[in-house]
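K.L.:
Chain by chain, the residues:
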Amino acid sequence: QKEVEQNSGPLSVPEGAIASLNCTYSDRGSQSFFWYRQYSGKSPELIMFIYSNGDKEDGRFTAQLNKASQYVSLLIRDSQPSDSATYLCAVIDSTLTFGKGTMLLVSP
Amino acid sequence: DAGITQSPRHKVTETGTPVTLRCHQTENHRYMYWYRQDPGHGLRLIHYSYGVKDTDKGEVSDGYSVSRSKTEDFLLTLESATSSQTSVYFCAVGQGNGYTFGSGTRLTVV
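Each protein sequence line maps, in turn, to chains A and B.
Everything in the first sequence is counted per this note's numbering, starting at 9 for the first residue and increasing by one.
Everything in the second sequence is counted per this note's numbering, starting at 243 for the first residue and increasing by one.
Don't read these hints as lab results, they were simulated from the structure.
Every value quoted in this text rests on a predicted model; they were computed, and no experiment measured them.
Please note that the accuracy of each hint is not assured.
As the list claims (entries may be wrong) - Simulated pairs of lysine to aspartate or glutamate, EDC-like, Cα-Cα distance not exceeding 16 Å:
no., chain 1, residue 1, chain 2, residue 2
1, A, 10, A, 86
2, A, 10, B, 301
3, A, 108, A, 23
4, B, 299, A, 65
5, A, 108, B, 280
6, A, 50, B, 280
7, B, 312, B, 280
8, A, 10, A, 35
Said to hold, decoys possible - On the chain A side, residues computed to face chain B include the following (Cβ under 8 Å):
no., residue
9, 38
10, 42
11, 47
12, 52
13, 54
14, 92
15, 100
16, 106
17, 107
18, 108
19, 111
Here a beta-carbon is modelled for each residue, glycine too, at the ideal position from N, C-alpha and C.
Please model the complete structure; the sequences and the hints are all you need to start from.
P.N.:
See below:
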């Protein structure tokens, strides 16, 4: 069974700093990787997905993928208090398998 | 939210009773999914559907059944609710580019 591992946190960063969220996965054959953000009491929302090794940037967000190390990360630049949420890493085979999420707290 | 409506939004039910949750989508997605989310376990797939009358089990399917008689509706039934099924249930649609989630149903079994 596929496993997706994330540090539960909380990860605390000051406003304006870079937040780095990490994820490892067990299935070496996994091809597509996703980052979701979930505010407390709300549903998950897709932030980014990445298929290829390397970096993918979208605004303040950068996803990084290293298939050899089975490692995915999400960098959030210029972190804002509104970024405080739980970030879920997910891997797709036939269906999406999620990690348990990392809580991010951004302090003003 | 990709036109996904879950009903009810909240429900309290008694142990042993059957419960049906509904997911309705308006964008003609072929694939639909039911997940449950619990503290310490994250999101876990219960069942999914890849077309009308085509369904398959997920990781935590015991005690649940599903039906999809129309493209737009995917029903999740707890055949005899237990306290361990107290959870937040999310419906989702989508495929390889990621899923879009509904707002969720908070179910409490007492």
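K.L.:
Confirm or reject each hint.
P.N.:
Verification of the supplied hints:
no.	hint	result
1	A/10 to A/86	violated, 33 Å
2	A/10 to B/301	holds, 10 Å
3	A/108 to A/23	violated, 25 Å
4	B/299 to A/65	violated, 35 Å
5	A/108 to B/280	holds, 9 Å
6	A/50 to B/280	holds, 13 Å
7	B/312 to B/280	violated, 29 Å
8	A/10 to A/35	holds, 6 Å
9	38	violated, 12 Å
10	42	holds, 5 Å
11	47	violated, 12 Å
12	52	holds, 5 Å
13	54	holds, 5 Å
14	92	violated, 18 Å
15	100	holds, 7 Å
16	106	holds, 4 Å
17	107	holds, 6 Å
18	108	holds, 4 Å
19	111	violated, 12 Å
Of the numbered hints given earlier, the model fails hints 1, 3, 4, 7, 9, 11, 14 and 19; all others are met.
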